[in-house]
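Residue numbers (this note's numbering), protein chains in the order written: chain F, 1 to 634; chain S, 1001 to 1115; chain U, 2001 to 2206.
You can take every hint at face value.
If we take Cβ atoms under 10 Å as the criterion, some of the chain F residues that face chain U in the derived model are:
| hint | residue |
| --- | --- |
| 1 | I185 |
| 2 | N186 |
| 3 | V189 |
| 4 | L194 |
| 5 | F231 |
| 6 | Q241 |
| 7 | P568 |
| 8 | F573 |
| 9 | N576 |
| 10 | E579 |
| 11 | Q632 |
Hints listed in this document are in silico derivations from the structure and should not be mistaken for laboratory results.
Note that the Cβ used here is the ideal one computed from N, Cα and C, for glycine as well.
In case you want the letters, here they are:
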Amino acid sequence: MATATTPEALRRAARLERIWKEPGGLVGWITTTDHKRIGILYLFTSLAFFALGGVEALLIRTQLLHPESTLVGPGTFNQALTMHGVTMIFFFIIPMTTGAFGNYLLPLMIGARDMAFPRLNALSYWLFLGSGIFIYSGVFAGHAPNAGWFNYVPLASRVYSPGPGIDFYCLGLIFNGISSTVASINFIVTIFKLRAPGMSLNRMPLFAFAFLAVSFALLFALPSLTLDCVFLELQRRLGFQFFDPAHGGTVFLWQHLFWFFGHPEVYIIILPAFGIATSIIPTFTKRRMVAFPLVAMAEIAVAFIGFGVWAHHMFSAGLPAITTVYFAAASMMVVIPSAIQIFAWLTTFASGRPKFTTPLLWIVGFITYFIIGGLSGIMFAAIPFDQQTTDTYFVVAHFHFIIFGAAVFPLLGGLYYWFPKVTGKLYDERLGKLSFWATFIGTGLTFFPMHIVGLLGMPRRVYTYPKDVDWQSYNLIESIGSYLIAAGLLMVLANLVRSYLKGAPSGNDPWGGATLEWSTTSPPPDYNYPVIPKVSSAYPMWDLDDRVADTGKLERGELVLEEGHLTPATTVFDANWDEVLDMPSESIWPFLTGAAMFLLFFMLLGGHLFAVWVTIALVLLTLVGWHRTEPQES
Amino acid sequence: MWVSLFGAPIAWVASHAVGWGVSEARCEVAGRQWGIAFDTWETALLVLATALALAGLISSMVVYRKVKDVDKDAGPPEGRVWLLSISGLVVSTLMLVAILLTHTAALSLTPCSTI
Amino acid sequence: MNEVMRSMEATTPVMAAAADRQRRSRPSGWWGMALFIAGETTFFALMIASYFYLRFQNAHWPPVGVEKPKVALPLILTAILVATAAPLFMAVRAGRAGKVGRAWLLVFVALVVQAGYLGVQIHEFVGEVDKMSPHASAYGSIYFTLLGAHHLHVAAGLLLELWLLATLIGGLTNYRLIALRVTALYWYFVAAVGVAVVFTQIYPSL
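Between the sequences and the hints, there should be enough to build the whole structure, so can you do that?
Have a look at this one:
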């Protein structure tokens, strides 16, 4: 740790603090360009959407508690079903993993002082918030999208869905997609250019590899969803004929474009969880990750191969056999990198000295449910099996084990793990473990019976089921399980809130972590690192010589870069130091651009062309204002 | 080193994209008019993609043998080459298997039967 | 350590050129634009794939009663667009050598030609919409969407150039030199996509 102990060192640290400090209060938060503050904004906003999505889930499970229940009608159920999927995927998990965890931790992990494009980072948050408010304004106005999260035509066409719900869906997802695209570009350039000098690829934390894979996947997958939504809006609003067979179109076009996005999307959901798991495991097993290069490669390979499997979501749609084999073969291959990672994690456990703290328990839960969900997933690669189980609850079981059991558990573990770093306090370990067990058992109870009831023939997306098919007992267990999950999650929330208010101080490094963020104070100072850290391995905190050397440098003023708002930039592959970059300070423009885009999407919804052009001009004006201030001037 | 890392994936992507396109064309409305020689296309894709993937695999093996005794924490460029050569080995193997599975299956099935 | 430059401090043409020369790898801004282009290229690739996917669904393409697309005019226009890469390339070279005035003029020349290109394309577009409605067929729908998307990207490029010309009047800094480089990069992408789009556009007549 480069701790400031001598007067000279303290003077340097104080100078850095003055340069990097942002104003407080509301103004500070609206104009922030600090990746840590933006991460916090993302955290709270995505947690709010998690709650909304959770309420939608509880509504679904309560309606399905009894056969022939009349708690909610089919119309409301379909809206709840659709919004549960849309909210959880686009407004909870992606922003939470990339926006909250990624933004806060990535610069810290690579030894940088901020992301490559700080103002763009702020914009991605405002666009996220705007898109969430946009789509939920439709929900609260009684026009929630209701054709499922995958929104198939012809159900989603004007003929069968005349109201504005689907327009909220299409425009909302295009809007949300811009936020994620911009964020992905920022992540990739940050990882490419802002690593601490000397951090060659084999010394880069696995967390960064996971986020590199996620960002590339988002960049190449989102255009497909955007295009699909553009086609659908053109068809719905202007009468274009992409999807109507009577005029030369085809419904399959929607499906292909949707799943070309949709399948990489699920790898986008799981990859950050891999990154978090590979950060937590070495810390609590006190052992370097087994087969580091294989794990790094596997993270990227999963994202890459995941682009070639999309039509496995269409195996029962009527495609010719010679087309489907492409996707069946690729689907079988995509499992192998995940399996490599599982073996690496388990071996690291077995050959280390595991200490089962709350974060590590969440990771054990993650591995358990990832194996179960993965096994049911690989079964779908066999086309005959897939054709029997498509659109049954068997599929619902599979993806919830993966999305909830395998993607969300590391998030919860990560919240506990990094809580001391972000807040400077320790959480309550006993309540932590209890919250894990409640959620773990609840998850098993909720989703495991779905395998069985699916094989017994219960279809997906049904708002009720008859009394005489004997599905009731399974649904009862599932619904009880969902209430237990809710209780577990509330325990997590209660633990973190109470600990934030009254927890014991944590110090810089309560766990003995391996990556650079553990070298800063808790919470980190605005400037992250007083000295740009020296990196000799992928576990820099375990290289004590380097950390001692950093303290010496602070004293002598080497690599402190205290002349301004500065961070180093390096070459892409080998992280050789190339230049020193001025970073922009706080700015109101990202917020204004976000607000203008928000207006634009409402104008697009309304459909008055003149209003659309005016708001486009407004957006462009905000961009002009933004770029009038160059980074070194701010 | 770059052939070892990218050769096989490029082979797979290209054969996947072209092969999928040809299979769709063959079985859709327009394809029936054109008389596409599906088996010829599939065999060509199989041969070309396998050749490129094998090239990727062999060059991965060559690179790996040169760097396998490098310390895994080594600085650039040795550390980076070590990491990427191992990646190349695994990725090339995976892609090769995918290519073989896909195109032999497509050749064995009756075109345009929906199952 | 001390030979590494604080690039953003380069606020005159001479200093900006020096900062550019000293760099061993491309600046962050270049990578940002390159990645954005990668995403947009995917967008166009998928649109062109959709064009051919729809084509496979139809026995007659274009549908009966719709005339086949023109070949000569679209190809000539695209060639002109591709040619504007030359003044932009020279503008970047001039900028990297610190010659702001020269860079400005070259960008201006490119802008004028590209604006003329867009004007003609819009005229063609409007005329064709009158004759062949997107409401009538998938052919019309994908044809106009593909072309419209490209024209929008050209328009965005023009706005980018206008902004660049406005800021360059205030002199050349490191930041603006990077802006010049990324503007040119954006146009190389627009031109390259234009080639793919035009061959898709005229494909039924080939």
